[in-house]
Amino acid sequence: MDRECCWNQELLEQEACPKTGEGEEDLLASRRQRNLEKCCECPRFLSELHRWRDDGNPLAPIVDNLLGEYRLQKSQIQSLVSFLDNKSLEIRFFHELGSVLQSSVDLDEVLSVALTAITAGKGFGMNRAFLMLTDREAGVLRGYLGIGPRDIGEASQVWNEITQNDMDLQTLAQNFRLNKLSSERAKFHDILECLTVPLENKEHIFIKALDGKTPVMVENAYYHPDVPAELTRLLGVDTFLLMPLISRNRRVGMIIADNFITHRPITEADMHSLETFGFPVAFAIERASLYDNLQIELNRVTEAGRKLKEQQELIVRMENMALVGRITSSIAHSVRNPLMIIGGFARSMLKNSPESDPKRTFIESIVAETRQLEGVLDEILNYSDSLYPTRDFWDVNQLVESALRDTADALNLLGYTTAYSPGIELPVVYIDFKQLSYCLRTVLQNDINCLGKERFIAISAQARDESVVLLIEDRSRSISQAELDRLLVPFSETSDLGAGLALALCKTMLEKQGIPFVAQADPQEGIHYSITLPTRKEEH
Amino acid sequence: MNRILVVDDEANIRLLYAEELKDEGYEVVTAANSAEAAEKLQAGTFDLAVLDIKLKNESGIELLQKLVKERHEMPVILCSAFSCYKDDFSAWLADGYVVKSGDLSELKQEIARVLAKKALKSKVEG
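Protein chains in written order, with numbering that gives the first Met the number 0: chain X, 0 to 539; chain F, 0 to 125.
No lab work stands behind these hints, which were simulated from the structure alone.
In this text, a Cβ means the ideal position worked out from N, Cα and C, and glycines have one as well.
Any given hint might turn out to be false.
Straight line, CA to CA, 25 angstroms or less: simulated SDA-like cross-link-like pairs of lysine to any residue [to be verified]: (1) LYS179(X) with LEU168(X); (2) LYS107(F) with GLU363(X); (3) LYS107(F) with ILE341(X); (4) LYS107(F) with LYS179(X); (5) LYS21(F) with LYS179(X); (6) LYS39(F) with GLU69(F); (7) LYS55(F) with ILE379(X); (8) LYS117(F) with THR406(X).
Taking beta-carbon pairs under 10 angstroms as the criterion, some of the chain X residues facing chain F (in silico) [claimed, not checked]: (9) LYS212; (10) VAL215; (11) ARG335; (12) LEU338; (13) MET339; (14) SER347; (15) ASN351; (16) ARG370; (17) ASP377; (18) ASP408; (19) ASN411; (20) TYR415.
Let's have the full structure, built from the sequences with the hints guiding it.
If you want it as C-alpha cells, here you go:
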C-alpha cells in the first residue's frame with residue numbers, strides 16, 4: 000500500500016498514471032473519475048488487489064465481486080449506448096426520409112427516394128429492390144421500377160462511387176432520379192415485364208402479402224410451396240423480402256428487396272425497419288399518384304376552360320356576324336328594291352323613247368349608274384356572306400358540275416367551251432358549298448381580257464394527300480402576274496367597288512376557310528388557278 | 000297567252016314586272032302577299048308564278064313550299080335581293096332563281112326557259 004497507491008491520490012502527475020493517455024489530462028485532477036474509468040483495469044490496482052487476496056484481506060472478495068459487477072454493468076451500458084446510437088442514426092435516417100417523402104408530390108422523386116433508401120448503405124443496405132404498383136383499372140400488380148447492380152462487377156463499381164462521393168440519402172436519391180431512373184428501368188426491363196400478377200390471383204404470394212398487409216420474408220424460395228418456380232428463376236435469389244405498400248387500407252403496391260450480390264441474411268430487424276418505412280412510402284406514392292391525377296384533371300379543366308373561352312368568343316363573333324347579316328339583309332332590301340325599280344323603269348323608258356329624244360342620254364346615265372350600284376351591292380352582300388363560312392362534307396364533282404351549269408349561258412355568250420375531267424374515286428371535301436360555288440362561278444366567268452383565239456376552259460380534279468386539288472386552266476385570257484396579283488387584293492387601286500372585286504373576294508372567302516388559292520398568269524399561257532380543298536375537318 | 004302570277008310586297012316592283020312582262024306578251028296578275036296570292040290562285044289558273052323570297056311579314060320560301068305541294072304543275076321562279084339563296088336547299092324546290100336587278104333580261108330569259116320546259120313536258124305527257 001506504499002508507493003503504488005496512486006488511486007488514492009487526489010492529484011497525479013502525467014507520468015504517475017500508466018493508464019491516462021494524451022487528451023485525458025482532466026482525469027489526473029479527478030480521483031473519482033480516474034478510479035471509475037482507469038483504476039479498475041490498471042495493473043497496479045489489480046496487482047494490489049491480488050496482494051490483498053494473498054494476504055487474506057477480508058475485503059478482497061467483496062471488492063472482487065464489486066469489480067466484476069461494475070465491469071458487467073459497464074459493458075451493458077456500452078452496449079446500450081451503441082444500441083441508442085444506432086437507433087439515433089435510424090431515427091435521423093427516417094426523419095430525413097420522411098421529410099423528403101412528405102414534401103414531394105412528384106412520383107418519380109418519391110420512388111427514387113424510396114428505392115435509394117432501401118438499397119443505400121446509409122439506408123437499409125439491401126442489394127436490390129423492385130417496386131411494383133397496383134394498376135386498379137387493369138386489376139393487376141405490375142413491376143414499375145428496379146434498382147441495384149445486376150452483377151458483382153457493377154456492384155463494386157457503384158459501391159466504390161458511393162463511398163468516394165460520400166453523399167447523403169437525399170443527394171443519392173436526386174442523383175438517381177436525374178441520372179439513373181430511366182437506365183435502371185431499362186436495365187431491369189426483362190424482370191419488370193414479367194412481374195405482373197392479377198390482383199384476383201389470391202393464391203400468389205405477392206397478393207397474399209398484399210392482402211395480409213404485413214411484410215413476408217421468403218426463404219428457401221426454390222422449394223417454397225407458395226413461390227412460383229419462374230419467379231424464383233427470374234429473381235435469381237432464394238431469399239427475399241416482400242413489403243406490401245398500404246395506404247389508408249388501399250393496396251398501393253409492393254417492394255421486393257433482396258441481397259442478390261452479398262447474400263447477407265435478411266434479419267428480423269431489417270424486416271421491422273422496412274415495415275416502419277413502408278407506410279410513409281405507400282402514403283407518399285399514393286399522394287404523388289393522386290397529385291398526378293389531379294394534374295391531369297387540372298389540365299383537362301384548363302383545356303375545357305380554354306375551349307369554353309373560344310366558344311364564348313365564337314358566340315360573340317357569331318352574334319356579330321348575325322348582326323352583320325341582319326344589317327346586310329336590311330341593306331339588301333332597302334337599297335336593292337329601289338335600285339331595281341329605278342333601273343327597271345329607266346330601262347323601260349329607254350326602250351320606249353325614240354333615238355332622237357334629247358333626254359335619252361340622261362336615262363342612259365341612270366341605267367349605267369344603277370347597274371354600277373347593283374354591282375357594289377352584290378359585292379358587299381357577298382363579302383358579308385363570306386364572313387362566316389358554314390362548312391360540311393361535299394362531293395367535288397357536284398360542286399364543279401353545279402358551277403358549270405350555272406355559268407353555261409354566260410360562257411356560251413362569250414363563246415367559251417368548257418371541259419371537266421373528274422378525278423377517280425375522289426373523296427368528299429370539307430367546304431362551304433355556297434362560297435365555293437360562288438368562287439368557281441367567279442373564276443369561270445371573270446372579265447379579264449379575252450384573246451381572239453380559241454376560248455376554252457379546262458377543269459380537272461385530283462386527289463392529293465389529304466386534299467382534292469381543283470385546277471382551272473384558261474389559256475384564252477391574257478394578263479400579267481403583277482396585274483393578276485393586284486386583282487386579288489381587295490380594294491386595291493385597280494379594283495374599285497363594283498368593278499372587279501370578285502376575284503379578291505374569292506381569295507378572301509377561301510382564305511377564311513383555310514383553302515389555298517393560287518392564281519398564276521402568263522400573257523401567252525393564260526391563267527392557271529389551283530384551289531386545294533381539304534378532305535378532313537381540321538381539329539381544334 | 001301564258002298567265003303569270005307575280006308576288007312581291009313592293010308596289011313599284013309589281014308595276015315594273017307587270018309592264019315589262021306584258022310587253023313580252025304575257026298576261027300578268029300581281030299579289031302583295033300570300034293571302035292575296037291564294038285568292039288569285041283560287042280565282043284562276045296560272046302557267047307560272049314569280050315569287051319574292053322576302054315578303055313583308057312572311058317568307059316567300061314558305062309560300063313556295065305551299066305552292067309546290069298544292070299546285071305542283073305550276074312552275075315557280077324565285078326572285079331575291081340575295082344571290083346566296085341560290086345555293087339554299089329550300090330554294091332548290093323552285094324551277095328557277097333570279098337575283099333582283101333593274102335589268103330584267105335575266106328574269107325574262109328564265110321565264111321563257113321555264114315555260115318552254117313546261118310546254119315540252121305537257122307535250123310529252125300528252
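Consistency of the hints with the structure:
1. LYS179(X) with LEU168(X): 15 angstroms, holds
2. LYS107(F) with GLU363(X): Holds, at about 21 angstroms.
3. LYS107(F) with ILE341(X): 18 angstroms, holds
4. LYS107(F) with LYS179(X): Given pair LYS107(F), LYS179(X) is violated - Cα atoms ~85 angstroms apart, limit 25 angstroms.
5. LYS21(F) with LYS179(X): 95 angstroms, violated
6. LYS39(F) with GLU69(F): 14 angstroms, holds
7. LYS55(F) with ILE379(X): 23 angstroms, holds
8. LYS117(F) with THR406(X): 22 angstroms, holds
9. LYS212: 68 angstroms, violated
10. VAL215: 73 angstroms, violated
11. ARG335: 4 angstroms, holds
12. LEU338: Status holds, d = 6 angstroms.
13. MET339: At 5 angstroms from the nearest chain F Cβ, MET339(X) passes the 10 angstroms test, so the hint holds.
14. SER347: 6 angstroms, holds
15. ASN351: 9 angstroms, holds
16. ARG370: 7 angstroms, holds
17. ASP377: With a closest approach of 7 angstroms, the ASP377(X) hint holds.
18. ASP408: ASP408(X) check passes; min Cβ-Cβ to chain F is 8 angstroms, inside 10 angstroms.
19. ASN411: 12 angstroms, violated
20. TYR415: It is violated, given that the least Cβ distance between TYR415(X) and chain F is near 18 angstroms, above 10 angstroms.
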